[in-house]
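There are 2 protein chains.
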Amino acid sequence: MTPARRLPGSHLALGPGPEFDRIRNIIGVLGPQAGGLGDDCGLVEQKDGFLALSTDVSVEGVHFRFDWITSKEAGWRATAAALSDLAAEAADPIGVLCALTMPDSSPESRLLEIMAGVRDAAAAVEAQVLGGDLSSGPVWSVAVTVFGRALQPITRRGAEVGNGLWVTGRLGGARAALHAWLHGRQPAAGARSRFAHPQPRIAAGRWLAQHGATAMIDLSDGLAGDARHLAAASGLAVKINLDSLPLAEQVRSEALALGVSEAQFAAEGGEDYELLVSLPESFAAADAFARDCGIPLTRIGEAARGNGVEFVLAGRSIDLHGFSHFG
Amino acid sequence: MTPARRLPGSHLALGPGPEFDRIRNIIGVLGPQAGGLGDDCGLVEQKDGFLALSTDVSVEGVHFRFDWITSKEAGWRATAAALSDLAAEAADPIGVLCALTMPDSSPESRLLEIMAGVRDAAAAVEAQVLGGDLSSGPVWSVAVTVFGRALQPITRRGAEVGNGLWVTGRLGGARAALHAWLHGRQPAAGARSRFAHPQPRIAAGRWLAQHGATAMIDLSDGLAGDARHLAAASGLAVKINLDSLPLAEQVRSEALALGVSEAQFAAEGGEDYELLVSLPESFAAADAFARDCGIPLTRIGEAARGNGVEFVLAGRSIDLHGFSHFG
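Here the protein sequences line up with chains A and P, keeping their order. The first sequence begins at 250 in the working numbering and counts up one residue at a time. The second sequence begins at 250 in the working numbering and counts up one residue at a time.
The reader is advised that the hints may include incorrect statements.
Said to hold, decoys possible - Quick partial rundown of chain A residues pointing at chain P, CB under 10 Å, derived from the structure:
no., residue
1, Glu309
2, Glu357
3, Val509
As the list claims (entries may be wrong) - Reference listing, derived: stretches of chain P covered by chain A, where coverage requires no fewer than 3 residues with Cβ under 8 Å from a Cβ of chain A:
no., stretch
4, 282 to 289
5, 292 to 304
6, 353 to 366
7, 422 to 433
As the list claims (entries may be wrong) - Each pair of labels, with its calculated beta carbon distance range:
no., chain 1, residue 1, chain 2, residue 2, range
8, A, Gly484, P, Glu409, 35 to 43 Å
9, A, Gly280, P, His432, 34 to 42 Å
10, P, Val561, A, Glu294, 20 to 28 Å
11, P, Ala372, A, Glu294, 47 to 55 Å
Source of the hints: derived by calculation from the structure; they are not laboratory data. Built from N, CA and C at the ideal position, the CB exists for glycine as well.
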């Protein structure tokens, strides 16, 4: 990565889609006040590296429901989702701030349980809770802002022609749980955990940065959407071999119930909070990654000259859509 | 101020009240993960001073209504409210992050106007917009996180026995506008502006820090509530002479309509975003402040041994309440 590639102050191109047209329009309105938007984190240069910041809001009825997950899990999940952006930047978390809205009819016990989840997610990455705000509102919402320090941040824009594309962990588990709930079934424990208790891949992000990662993005919108962001930001084409996707528990049965291939189900599922990373063609340390980080690292594609993302399943190109929330 | 007084990691005492009991309970749940809560900003020590951070959520129907203020004003106001916490810490703003929820039925134009207000508030203090998130939700909410740098942050805890208590600007204008709207009247332009377009007192905060401020807090909950926080955090008693309060436009007429004294109306009114500051008894530069900052600085009381806040009007102690939102 050249320094220019990660210079704060210049925006990263986003993939296609009306959701991202909206963000492009916001960047247009912000004009010179916008500070390098379109990456997982905002970056501020400091004497010793960069400060990385990100904000993420989770809304009851849009991102989660209390008949699916506990209050504590809602707090964990909202915080983990924000911390995942630090992971994708290869940043070390420092702190968390949390602005909540709660219905007047809700008991204080729910607030305290949500904050226990925020606490546990912060503690798991050695971050502190450094501020908060609380308002009444028609539903619960948890807006979490995280910040950390990155000596050499990895943005979405550094992928190079010939790089391999890899993913951490296994995909589709969060969508499998969501799909089960939405159809009146209880998800299996593993899939439920992927939705209710996602793990921000902080250690994995740092490991990958130390082993040559050229670009990185966390899988919040789903592989189908996020691969397009990485391709657009890096200004190249990406080809994803869907047959090689590492699949989470229960993806097979939920994909069957929906009538789509399991790879499509996983690639279109959001909120797995795994990392998509480009690495030099010579990278051959996936076993060391698995040993050090406790999760698999799987090669699923490569970067080439051109633009856009091609998804190939059983030798045929297929069209995939990004993830939308259920609410 | 001794270094121990502004050491991050220890919590500041808050004033009495059920809203603040709730925050005390949250701090209890967070345990060792809580990083010095109870001040206007969270502080993180760096090589050259401190990073100061704060988060603040504004909710449609609780903090504002679109039949009162424009979308752009809603964006300005939410951002100014958060920036006001940096002012109270004597911090230099660097950046702003903004997590919004919007109803699916709302036009994108409203989103862009809100973001234009965020942009203008950030530009007014030379901060950049460094991140954001957007979700659907039942009402509009704007959660703004701000951060800045403070060489010598001023917390709420440094007031000393014998210090004078001073306020910037004029009080009660935001409440006067709110009271007018709630009773079907249009507020006068000056009062309306105090509600719709508050000014974060960034330059004033820095000026006061450079001229001996020992403690500072922004007036978001109202003088009645915020003076209690300053007294509790500093571990002393505060006496406020309500007859000396500098009053904003339209406070007199709205107080008359409500049937309370204008000083009580102003002291119980929130969201003026002025600063309450303690200064050494020897401080005599209010004229210089007014010349440099363009707003008055008025002595309204003093700090003494003891605890709690006494509000005196026409020679008699009176009981005052903190501000609650209308929603």
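Structure-based check of all given hints:
Among the interface hints, the one on A:Glu309 holds; its C-beta lies about 9 Å from the nearest C-beta in chain P, closer than the 10 Å criterion. Contact between A:Glu357 and chain P, as hinted, is supported at the beta carbon level, the nearest pair being about 6 Å apart and thus within 10 Å. Taking 10 Å as the C-beta cut-off, the interface hint given for A:Val509 is violated, the closest approach to chain P being about 25 Å. For the stretch 282 to 289 of chain P, the stated coverage by chain A is satisfied: 5 residues place a CB nearer than 8 Å to a CB of that chain, which reaches the threshold of 3.
With 9 residues bearing a CB less than 8 Å from a CB of chain A, the stretch 292 to 304 of chain P meets the requirement of three and the coverage assertion stands. Note: the stretch 353 to 366 of chain P has 5 residues with beta-carbon separation from chain A under 8 Å; the three-residue rule is met and the coverage holds. Restraint check on the stretch 422 to 433 of chain P versus chain A: 0 residues with Cβ-Cβ distances below 8 Å, three needed, restraint violated. Our hint of 35 to 43 Å for A:Gly484 and P:Glu409 is violated, since their Cβ atoms are close to 59 Å apart.
At about 39 Å, the beta-carbon gap between A:Gly280 and P:His432 stays in the expected band of 34 to 42 Å. At roughly 51 Å, the beta-carbon separation of P:Val561 and A:Glu294 lies outside the given 20 to 28 Å, and the hint is violated. About 20 Å separates the C-beta atoms of P:Ala372 and A:Glu294, a value inconsistent with the hinted range of 47 to 55 Å.
In the structure shown, a violation is registered for the earlier hints numbered 3, 7, 8, 10 and 11, in ascending order.
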